[in-house]
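> First to last, the protein sequences are chains B and X. As numbered in the working numbering, the first sequence has no gaps in its residue numbers, which increase by one up to the final residue, 112. As numbered in the working numbering, the second sequence has no gaps in its residue numbers, which increase by one up to the final residue, 110.
These are calculated hints, taken from the structure and not from any lab test. There is no bait here: all hints are sound.
Mimicking DSBU-like on lysine-lysine, the simulated pairs with C-alpha atoms at most 30 Å apart in a straight line are:
1. X/K42 - B/K15
2. X/K42 - X/K56
3. B/K11 - B/K57
4. X/K42 - B/K57
5. X/K56 - X/K102
6. B/K57 - X/K70
7. X/K42 - B/K11
8. X/K2 - B/K57
9. X/K102 - X/K70
10. X/K2 - X/K56
11. X/K102 - B/K57
12. X/K67 - B/K57
13. X/K102 - B/K15
14. X/K2 - X/K42
15. X/K102 - X/K42
16. B/K11 - X/K102
17. B/K17 - X/K42
Now the in silico label distances, taken between C-beta atoms and shown as ranges:
18. B/K57 - X/S26: 22 to 32 Å
19. X/S40 - B/S27: 26 to 36 Å
20. B/S53 - X/E45: 25 to 35 Å
21. B/S5 - X/V107: 26 to 36 Å
22. X/N95 - B/Q84: 30 to 40 Å
23. B/E20 - X/R41: 13 to 23 Å
24. X/Q105 - B/P55: 32 to 42 Å
25. B/R81 - X/S69: 37 to 47 Å
26. X/R41 - B/G72: 26 to 36 Å
27. X/R60 - B/N52: 39 to 49 Å
28. X/N95 - B/E68: 17 to 27 Å
29. B/G71 - X/N55: 35 to 45 Å
Beta carbons: idealized from backbone N, C-alpha and C, even for Gly.
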Amino acid sequence: GAGVSQSPSNKVTEKGKDVELRCDPISGHTALYWYRQSLGQGLEFLIYFQGNSAPDKSGLPSDRFSAERTGGSVSTLTIQRTQQEDSAVYLCASSWGQETQYFGPGTRLLVL
Amino acid sequence: QKEVEQDPGPLSVPEGAIVSLNCTYSNSAFQYFMWYRQYSRKGPELLMYTYSSGNKEDGRFTAQVDKSSKYISLFIRDSQPSDSATYLCAMNGGNNRLAFGKGNQVVVIP
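Use the sequences and the hints to build the structure in full.
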């Protein structure tokens with residue numbers, strides 16, 4: 001079956017621009033997660049959705065970062081006024097329960 | 001101290017050797033333990049999942065969890081060049097977020 005998909009796969013933007021990253025979870029998965037993977041930092045949790053609500057957004061690094069999920073399915077992560085330190089791979093994952101999370105291929109963001 | 005420690009040093013082994021990877025953790029609430037494999041420029045792929053202490057075997061892969069020592073391991077037997085990837089340990093204590101180690105890059109030399 002179809003896995004988690006993310007778009008775009010690569011994004012190059014200029015410092016100060018806004019970007020939107022999209023995630024399509026596995027059909028039927030109620031939980032959705034965003035992580036960031038930076039060189040030397042490992043995977044860093046950003047935000048968790050259960051359905052359309054976000055009970056845990058404690059990992060968002062600043063108020064420039066926001067995310068929403070509509071219809072219990074697609075999620076969008078928005079980064080406003082991008083900075084060079086935002087350059088990373090942004091990974092989305094989904095799950096049915098709280099144990100196993102299945103990851104998408106990621107969006108590679110480069111802020112010039 | 002980070003919640004999950006994984007020595008990120010690269011590991012090179014000859015084909016057919018046993019690969020041994022491990023992580024330690026500090027949060028005693030962790031009860032779900034996973035190993036992910038990540039190929040270059042791809043997302044992490046779930047490899048092994050274990051609940052609480054014990055061993056789990058799947059083909060050439062064995063995962064071990066020792067909650068008393070807060071120590072988990074992954075063994076790859078008869079390693080193949082296709083096993084060359086980064087291996088990430090991850091764990092969860094019921095708050096839905098996964099805590100990851102930094103990953104080990106494994107290279108299996110033909």
